[in-house]
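These protein sequences, in sequence, are chains A and B. If you use the numbering used here, the first sequence closes out at 462, no skipped numbers anywhere. If you use the numbering used here, the second sequence closes out at 462, no skipped numbers anywhere.
Since the hints were made in silico from the structure, they are not lab data. There may be inaccurate statements among the hints.
Copies of the same chain are indistinguishable here, so a pair counts whether it falls within one copy or spans any two.
Result set (DMTMM-like, lysine to aspartate or glutamate): computed pairs, CA atoms no more than 20 Å apart in a straight line [stated by the list, open to error]:
no., residue 1, residue 2
1, Lys66, Asp341
2, Lys8, Glu318
3, Lys384, Asp68
4, Lys194, Asp256
5, Lys143, Asp341
6, Lys418, Asp244
7, Lys388, Glu461
8, Lys391, Asp12
9, Lys280, Asp218
10, Lys280, Asp216
11, Lys172, Asp12
12, Lys286, Asp111
13, Lys175, Glu291
If you're wondering where the values come from, they're calculated on a predicted model, not measured in any experiment.
Residues per chain are reported as follows:
There are 2 protein chains.
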Amino acid sequence: MKQITDYLKANEQRFIDELVEYLRYPSVSAQSVHNKDMIACARWLANHGKAIGLKAKVHKTDGHPIVTLATPRRRNSDRPHFLVYGHYDVQPPEPLELWDSPPFDPQIRGRNLYARGASDNKGQHFAHLKAVEAYLKTGTELPCDLTFVVEGEEEVGGEALVDFLKQNKRDLKCDGVVVSDTGMPDLKHPALTYALRGVAALEVRLDGPDRDLHSGIYGGSVENPAMALSKLLAQLIDKNGRITVPGFYDDVAKLSAYERKQMARVPFSETKYKKLLGVKALFGEKGFTPNEHRAARPTFEINGLTSGYQGEGSKTIVPSHASAKITMRLVPHQDATKILRQVARHLKTLCPPTMRMTVELGHVADPYIVAPTGHLAKAALKSLKSAFGHEPVLLREGGSIPIVEHFARILKVDTYLLGLALPDDNLHSPNEKMDLEVFTRGIQMSAHLWTDFAEA
Amino acid sequence: MKQITDYLKANEQRFIDELVEYLRYPSVSAQSVHNKDMIACARWLANHGKAIGLKAKVHKTDGHPIVTLATPRRRNSDRPHFLVYGHYDVQPPEPLELWDSPPFDPQIRGRNLYARGASDNKGQHFAHLKAVEAYLKTGTELPCDLTFVVEGEEEVGGEALVDFLKQNKRDLKCDGVVVSDTGMPDLKHPALTYALRGVAALEVRLDGPDRDLHSGIYGGSVENPAMALSKLLAQLIDKNGRITVPGFYDDVAKLSAYERKQMARVPFSETKYKKLLGVKALFGEKGFTPNEHRAARPTFEINGLTSGYQGEGSKTIVPSHASAKITMRLVPHQDATKILRQVARHLKTLCPPTMRMTVELGHVADPYIVAPTGHLAKAALKSLKSAFGHEPVLLREGGSIPIVEHFARILKVDTYLLGLALPDDNLHSPNEKMDLEVFTRGIQMSAHLWTDFAEA
């Protein structure tokens, strides 16, 4: 490893210069005016990989091309094979006037490199590429085979990658996927994200009278659907913040003492968090911390309410109906489809005799978890510690990341999320940046990772 | 009285013919294309009054003219003076294709005269005019002075009458107002409406986060404003249908045994009523009947609910705010302004610590009641019985009738609502009609009324 770390040290500045070069491409997937820039950017990446010694290919798709960069694989090799996922497309840079320097003219100020895509995601997957370069250029044998899959449609939710995974299932068969496209709390807290929440959506509607009624002539003698809906919804979360649907928590995996201890290590300031969200006070399920609430516990969220008159002034009616859009965030090992059925059934039992209820089931996505105590997870934690010099934290992410689900479903493989974005990296916002110390340490982490993975 | 009833009998058909003539005017106040018809109709009415022997005047206003028809008043007369209110403007007749005969070509089918305005309100106030004619044409001395005030802006909520009342306060000083512009259940149940509900409006809004939040990243750690609003609203009506705002019922006049007995006499079929409103089941305050619920008890009605995303599909957010539009129907002797203050104060006490609450107070109208046991009320009941041959019922009306409030406020006088519309008269709908037996008996009722009033 000494040979490699020396190489990394010696080439630190060049790596930054190369990243700057990569960031100059305005590879905005959402804007068709940049279609040629997308192709140029993909080609640049492929050529860069080739120059390092990787087998590079730009794959045409129905949308933007996918770049693969692979170590030359020996036939019948018994070396493990890992995928590194990234995306070379970036968010639109607008509004331009809010940038302190042009989004595609990368500039270093202090420890940060400012440019659209610096952190999301060019800097992050480029770090892995530089680690591989160190192996190849120093003649150090990589203890595993690696394939980089870098897509150009992440920011537009394109389906090209899904088809690509399906079509290249055999070539992409691997022992694990590494994705650096999430976050870490700060330099002292490098992070492995090991779980994602799932989601289940539905809409519930109550119909009372068959039309809006005059509240003077009829009001008082019929139940108001908006009130009936309020009473219905109010029952679904108790005063301790618990969801009251029978069986809702049955399949929720208990957070282990280890997980909770790890979660407690994630820096958190309630004052700063409240300020960030603009709320007066926090509220969450009793017995859990805010970090657990937002990532490790299921939720029942009303996303929208509709009933009656919503314009200016007032309208004296008993509205004919009222409805609520609901999504639930689910945690391992809840089954999204089962939950949806349970909730729908429970809603029906709560429907008052005055109302006709309609429940429309929406989309589902199952939660994801990879055991943080598995051998590859432990190896990843080891690499993080070696590179950053601090004990890493284990994170759960409250949202869903579709790509992880695709890897699991199509390639039947676990994903390790080793995020290199800091909370202030301004992803999707003006003045996006990459912390260059995170970048440099990210390269070191990746260099360790392949050895640690292979030894695990 | 014999002389008068003979006259009415002898002229029954002519009265109908004259009403038909009156109904031919398309006096649609809402449609400016009919402005000339409005004037022609007002003039016809004035001339008709003059021919009977009344002092007639067409008063110009900023909008449509007001017609007054008055008995010749003797200076320093000690005869009582009553007003009769009506309106010669009608609702737009559209959609025309749903009429079985043209709206302004009156036709008799069976016992009904079909035309726009037949029941609302030309037929009703014209009945009073015919009664007065009987006194004047038979040389029977009217025991009171009468002034008809017939406006042309009732259907458009015009303010001309309010100004007119203010400007002619002295001339219009009187002992009571008679309005036939409400309903009666059927021919066997002539009715005096003696109370109207008031109204108080407000809007309550809860603000949680200062923007919609990603439900994956933050959901679970902050209270959802739509849920907080549901919980807030759900507390405001208990399972017995009682409004839980402290002090809300303090000023509600208890329904006397007499009133409840009278109310119970109003025909009511739960099956028909449910079918009429298209509801599965009725719901109302425990201990009261549906007729009491809708007319004699206060309500707390959500008129509209708004929060978050209401478009197609789903949006995984914690909405930043949620709001509800509310109107309350109030009953004697609740004070609308006081109720509004009480409710706003109570809402504030229910606001959870996670939310910022805004309460916006809206319009108010006080409830109205005239004692059904007062001497003029009793006289009116006597007249109804004489004309219809059945014991009249006492009604409360669940809505507000602004004009009654104007008479009370400006002229400081009580209003007696002697409605001649049947439930199936199709007011504001195609195929509006007047039951000609009701019309004829209405004339008789009015003939009795002036004598009964004067004797009371």
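Against the structure, the hints:
1. Taking the shortest Cα distances, Lys66 and Asp341 never come within 20 Å of each other, neither inside one copy (36 Å) nor across copies (74 Å).
2. In this assembly of identical chains, the alpha carbons of Lys8 and Glu318 never lie at most 20 Å apart, being 71 Å within a copy and 57 Å across copies at closest.
3. When the C-alpha separation of Lys384 and Asp68 is checked against a cutoff of 20 Å, the pair qualifies neither within a copy, at 39 Å, nor between copies, at 85 Å.
4. For the homomeric pair Lys194 and Asp256, neither the shortest alpha-carbon distance inside one copy (36 Å) nor that between copies (64 Å) is at most 20 Å.
5. Within a single copy, Lys143 and Asp341 get their C-alpha atoms no closer than 47 Å, and across copies no closer than 87 Å, so neither meets the 20 Å cut-off.
6. For a Cα distance limit of 20 Å, the shortest separation of Lys418 from Asp244 qualifies neither inside one copy, at 38 Å, nor across copies, at 53 Å.
7. For the identical chains of this complex, Lys388 and Glu461 are intra-copy neighbours only, at 11 Å inside a copy versus 105 Å across copies, given an alpha-carbon limit of 20 Å.
8. Only within a single protomer do Lys391 and Asp12 lie at most 20 Å apart by alpha-carbon distance; the minimum there is 18 Å, versus 111 Å between protomers.
9. Taking the closest pair of Cα atoms, Lys280 and Asp218 come within 20 Å of each other only across two copies (14 Å); inside a single copy the shortest separation is 40 Å, beyond that limit.
10. Within a single copy, Lys280 and Asp216 get their C-alpha atoms only as close as 44 Å, which misses the 20 Å cut-off; across copies the closest is 10 Å, which meets it.
11. In the homo-oligomer, the alpha carbons of Lys172 and Asp12 never lie at most 20 Å apart, since the shortest distance is 40 Å inside one protomer and 97 Å across protomers.
12. Taking the shortest alpha-carbon separations for Lys286 and Asp111, neither the intra-copy value of 40 Å nor the inter-copy value of 66 Å comes in at or below 20 Å.
13. Proximity of Lys175 and Glu291 under a CA criterion of 20 Å is satisfied in neither setting, with 42 Å inside one chain copy and 65 Å between copies.
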